[in-house]
Each structure stands twice: as C-alpha cells, then as structure tokens.
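**Q** With chain S held as given, fit chain B onto it using these hints.
Chains as they are written, first to last, in this note's numbering: chain S, 1 to 301; chain B, 302 to 856.
Please keep in mind that the hints were generated in silico from the structure rather than gathered at the bench.
A quick note: this is a predicted structure, and the numbers were derived from the prediction, not measured.
Hints may contain errors.
To be verified - Label pairs and their in silico Cβ distance ranges:
no.: 1; chain 1: S; residue 1: Arg10; chain 2: B; residue 2: Arg472; range: 28 to 38 Å
no.: 2; chain 1: B; residue 1: Gly627; chain 2: S; residue 2: Asp173; range: 17 to 27 Å
no.: 3; chain 1: B; residue 1: Gly319; chain 2: S; residue 2: Arg63; range: 18 to 28 Å
Ideal Cβ positions, reconstructed from N, Cα and C, are used throughout, including at glycine.
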Amino acid sequence: MRSPFAYKPRRGPLQDASPGAAVAYLGAIVVVAFLYLNPLVLLAAGTAASLAGILAGARGAVRAALRMGLSLALLVAFVNALVTSRGETVIARLGDWPLFGRVDVTLEAIVAGVSYGLLAAATIVACAVYSACVDPDRVLRALRPFAGRSALTATLVSRLVPVAAADAARLRDASALRGPAAAPVGKAPLARRLLAGSLDRAVDVAATLELRGYSLGAPRARNRRSRSRYDRRFYAAAAAVLLTAIAGKLLGADDFQAYPTVAIGFGPATLAVATVVTLSGLAPLRRPMKRRALHAEVARV
Amino acid sequence: MSELAIRRGAAPALEVRGLDYSYPRAPRQALVDVSLEIAPGEFVLLAGRSASGKSTLLKAACGLVPHFHGGEIEGEVRVAELDALAAGPGELAVAVGYLAQDPETQVVSTTVAAEIELPLEMRGDAPADRARAVEEVALALAIPHLLDRAVDTLSGGELQRVALAAALVTRPRLILLDEPTSQLDPVAGDELIWLLRRLNEEWGVAVLLAEHRLERCLAAADRVVAMEEGAVGFDGAPAEFLAWSHENDAALSTPAARLFSLAGLTPLPVGVRDARQTLRGTGIGHPPHIASRRVPDPRSSEPVLRAKNLWVELDRGEELRDVLRGIDLAVRPGERVALMGRNGAGKSTLLRTAAGLHEAVTGRLDVGSIALLTQNPGDYLVRERVGDELPGDEGLAALRVVGLEHAVDADPRDLSGGERQRLALAIALAGRMEGELLPAVVGLDEPTRGMDRARKDDLVALIRGLAGDVAFVDKEATKATRAAAVVVATHDVEFASAFAERVVLLGEGVVIADGPMEEILSGGWYFATEVARVLDLPGVVTPEQGAAALRGELG
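Bound conformation, chain S alone:
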C-alpha cells in the first residue's frame, strides 16, 4: 500500500510551483512555529499547514500527519506534566513515584507541554505536505548545482519514505504471521529492524545514484520546468508570513509564559500574526473557474 506521505503528481499551484517557492512557503510556516511559543500562533501555523495540504489535494497526508502530530502533542503534554513540577496551579498530587520522585501535576506544566506539542505537530504537518506535494525529482535537480551532497540526502530521504513505508508494512505483516509461541515483536526491536533495513536500502539507493552519474561535475542541464507562474504567489506568502512573524515578535506578539502561572497574550499583535499565518494557508487555492473563464473571455474579446 502506498504511503500517504509519498509524493503523488497532481495539478495544483503548490505542485506546479518550483521547489524553491514551495520550500520557502512551507518553510516560513515552520519558522513561525519555531519562533513562537504562544499556543494561538502555533495553532495558526498548524492550521495554515493543514489548509495548504488540503487545498493542494493532500488530504491523506494531512490526516495522517495530524494523527501523528496530535498524538505526539498529547504525549509531550503528558510527559511534561509528569516530569515538571513547576507552576503554581496544582491539579493533582500523585505522591512519590519511583524514578520521578514527588509528582505534582500542574496546569502550567500541561500548558507548556501542549505548546511544545503544537510546535511538533505543526512541523510534522508542514513536512507531510512538503513530502506529498513537492516533486522530489525537481528538488533533486534544483539542488544539485548548489549542494550536491544535500541533494543526495534529499533524494535518499524522498525515496526512503515510500521504501521505508513498504518495509514497515512488510515487517508488520511478518510480525502478524509469527506463531503464537514465538517471542512477540516489541516496538523497539521492530523499530531497530526497520531502521537497519532502511539504512541498507539507503546504501543501495545511494549506489544507484552514483551509477547514474550523480557525483559527476557535469554542467547543469537546463530544466524544462524550472519556474512556475505560481512562484511569485508562494514567495510573497512566505515573505508576508516571515515579515509579520518578525514584526510581531518585535512588537511582543509572542506574549506567552507558562511558569509560574500561565499567561497567554491575545493582544492585537498576537491576533494579527495568527490571522496572517492562518490566511497564508490559502496560498495553494486555485483561482475559481468562473473568474478564469471570465478572464479568458475578456482576453478573447
């Protein structure tokens, strides 16, 4: 079965855009997530990445990434609540635990954990949209003249997503087919086996790249699809998001503190940053047919 994160050729602004424009756009959303700890802005970044993926037709990738990201967010919040006793609002006193010592669950630790979890979730969704919508072949060609090794890594990663997904499916099947008296396959041995298998595959894929002449210092071949009419749109969206985020940061839009008591800023600057970031998710929207038809008609007349 095909991985939901595997690139699938579709027609759409995000897919048609050059790799540089797509990376700038999705990268800007990730940068915002790393710049801010305010849950509202992080939520906006996650929403923008999800919206972009849905509008680009990668619903499956968004759904899978949200499942993965939100599970991780919950896990981070849970662990943070257990290991951090800072914060004044104690929700539950769980007594002394082995290894953890005295465990007091505080509202502040939960909120801080949620904030870190949202950061991870927004990043995962943006990466999933990149993986599903940006043609790795074009990335490979675009990067090679500037950074051969980076392009090699990018290609390995792009090929390894579907290959590792296929390996994981096979390992899952094999573990389901083990006899009831065979030792059960724990997650750790399975993950270790998958990682070892993926590294073996990576070596094979890298060997194939070598054989295709990848390491040659050949002149860069002219690319048939190096630019797109959508590039400006994505570069503009990326610039708007980054400038707003930086300006917002300077104006104190990242008004958030978890400890000793939770204080989340919902001021105009924060709301403005969140709004711009959320709206940036609309960048992959196609122009409505009617309007396009009208333009064509006008042009014809």
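**A** Below, chain B alone, put in the same frame as chain S:
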C-alpha cells in the same frame, strides 16, 4: 578519451587482471586472482553458487567496488579502456550500465520518464537529445506506455525494465546484470533474456549476466564464466561449460544437460533447440508417447484449505483492483501444491488471504491453522539470538521441525541464507502445532529468490518432510509430526517440478489450470520445464523421467 572514441574503439569492453578483493572486515577474500576479458558485443553468462563472487565481480566492473563499498583491492580493472579503480562509478557510467537484483532500490525518481532521463541529465545532455534517447530506449524495451506512470505503482517486472532502461539510456558499451530474472515470472524472464540478446546483437552492447537459473539464458550466451569461491573456475563456450559442470559441480548443470547425461547422450545441449536437434540426429526425436502419471486422488480426507468463489480486492496504488476473482480451490492434508502464474496473477494474495492478512470481499475461505512464510524471511528475524526468537518448549519443537535445534544460541545473522529461511519458518510455525503436530497448512511465498540449486534441493527436502513424505523425514520426526498441506507460490518451474505433486496455475486472479504437476508442467511452453520443452511428452518433466522415457522405460 571522448565518448565517441570509447564507442568506436576495439578495446575490450571489460578487462580484469589479477583482481583480489576483500570487503571491509570480511574474514575471507571475495575475489581471488580474477582475470578475464570481455570483447565488445560479447554476451557472457556468469555462473556460480551463492556467495561465489559473481555480484562482487559485477560491482568491481562498474566501480562500486571499491569506490562505494571500500575494502582492499589489488589488480587491474579496465572498462572500455577506463581504469575502473581510478575512476568512480559516475565516470564509468558513460561506458557501463549496471542492473542489480532488487529493482526497488534502483529507482531514485518518482516517475518512469524522470528515472530514465536522469543519467542523461546528470551528464548535461540537451533536453531534445534526452527526450529522443528516452523515447528510443522505451521503445526498445516496450515500455512507452509506462513513461508517465509513478514508479511506486509498477510491478516488479515493470520496475526491472525501467531500471534496465535507465542503465541502457546512455548507450553503454557494457551492461552488467545481477540476477535480473529472479523476481520475474517465466514469461517475463524469457522476454528479458531475449531482449538482452537483441540489444546485444543490434546495439553491440557487451553483456555480463549473473544468473542461477542457467537453463533460462545459456542458449543466449556466447561464453560462460563460472566462479568458484571468488576465483574463475571455468571460462569457455556454453557447451564446454556443461561438460565442465558435469565433472566439477553438478549443481551448475541444466535440466536438459542432466537429461542427456542420465540418458547417456552426447554432446550435452545448451538449450532446447540444441537438444531437439541432437535427439533428431540420434534417431530418437520422437520417443514413445507416455501417459501422464496422475497422483492418487486424496479425496478420502477433508480439505484443510477450501476456497469457494473467493474474491479479493486490493488497493494497487492508483485504484482498487480485484486481484482474486472467484477462486475455487481445495487442498488436502499432505498435498504439495505449487501456485504458479505471471507476476500479479494473485498467487501471493491467495496465500496472504488464507493467512488472514487480506479479507475476502465475497465468497468463502475455510482454512485450518496456517503458517505462512512471506517472500523476505529476514522480516521475521528481529532478535540477536535464535533462542530469544523462539523461547520455551514450543519454540524448541518448532526449531526441531526445521532441523535447527542445534542453533539455539546462534545469532540469526551468523546463519546461512537457507538456515535463516528455516528459522523464519520455525517462527511462523511456533505455537501453531498441537504438541509436535504441524499446522494444517504451511504456505511459502517465492522461497527460492536468489537461491542456487544446492539450496533449492535442501528446501525441496524440507517441503517434502513437512508434507509427510517419509523418505524425507527422519524416523523420530515422522513419529512426531503429521502431514501438513504445503502450498508454495513460485515462478521457478524447475523447483516446482522437484517438490510439487500438484500445480495450480493462476491467471489474472482466476484458476486457469489445476492438476498433477507432470500434466501441468508438460502441457505448455512458458510454464513447462526445460525437459518438457525438449521432449514435448505429456507427463515428462524432470531429467529422470525424461531419461527413463528416452530409454523407453515408462509407458
């Protein structure tokens, strides 16, 4: 040297002199004093048992050894006058193409067209030249209809052709192939070999082809090089190779050669046509008709696997497809069944559905306890000690069934390929046996990929033992085990003839033939053994049967 000069030059396509090579941290040398020369436009078959150095020699010829794998190397390797030890694989790519065994790791792009175009783009060719070259190689390999497809929607056979196209698109002087037919059905395998021969004749590409199933490609080869423990054991014409293998390593012999040898005929034939000509020349071109030997009908026992109007639908990347379409099948205890058919015919799906990995959309499938070994035994091995994979008495009982009870403390990675396969089977069996009784059905999915004949013979013995063939089970085990029905999905016709008593032939998800092995494997062209194709006698499929027929002992 310019590319044009390389192409026109009469220098050997490959020249190896005194090559010694060891992989990093390897206990022994992979190549020992190897010397050989391949002339431009020559088709050379590289034979040898598993781990005899075939793949390493191919990797040395394309520069992956030592540039990619490291290790210690001495000697000289020249490809079209390029020094392969000095030049890297990228520089050699202009003169040599390489196709490895696993097509999945040989594609680096997302679409077929991009994959084939990549080597040209890396070389800096102009777009118009690239477009033409891609079109031409796609036409030569009969894959123009695949150009717009995503690579992860292709079948194994299609992927193999795409990888071959990417290796050929630069018009190399030498193409190296490492068991390219191991994942292909007999039809696709034969097509690939004859396609290589055509490219060899029409484009003048020198071919160095490593294969285990020699009967498939010996007739296409100009010359055979046989590897023995890293060294060249034989280098000569195909007919001479058969005489050499008969004397030195019978595991490298072909079924037709074994047939002639058993029947006392000479010279040993390199292919079906050769064998037929010799038979005509000796006046025994038309042996007596022999009635098909039918296996006894085991209807006295209840089926342990019964499918009735079984339909299974799977997501094949781009759309849902009915992979099994109304299968009716009954398998009884002790039966040894070969499931055969083209790639994508539904063999694996049938086994996987029986094991509960897929669900039927309609119809019925009743199966007793089943242990299934999938195509990659390594997927079952996740721990570093055999005993940790199979703890307790039940684990030991499973190890005993496959003859590995002595290896409880071994690391699975230290076991041979055949032993790892047995261990994986034991893992699938563990706990599915009632005491020492085997499960009702044992399924094996393509178990012979990359195996030499010696290992296949071991597997045949194991299968016959599992199915309760007393000649293959030691007396202790015979007392302890009950006969399982063994169902094996395989492309390997010769292997099927060695273990199966019944063959079920699938085509596009439908059973198109079901009957005794001798009947099915002697009644066609592609799904027929080499002996059956030589003699064309109903019911005669193995060298032993063929020799008996030639001696007039049957019938």
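**Q** Each hint: holds or not?
**A** Here is how each hint holds up against the structure:
Take Arg10 of chain S and Arg472 of chain B: their Cβ atoms lie about 34 Å apart, and the range 28 to 38 Å holds. For Gly627 of chain B and Asp173 of chain S, the Cβ-Cβ distance of about 25 Å falls inside the hinted range of 17 to 27 Å, so the restraint holds. Evaluation of the 18 to 28 Å hint for Gly319 of chain B and Arg63 of chain S yields a failure: the beta carbon distance comes to about 60 Å.
Violated hint: 3 only; the structure is consistent with all others.
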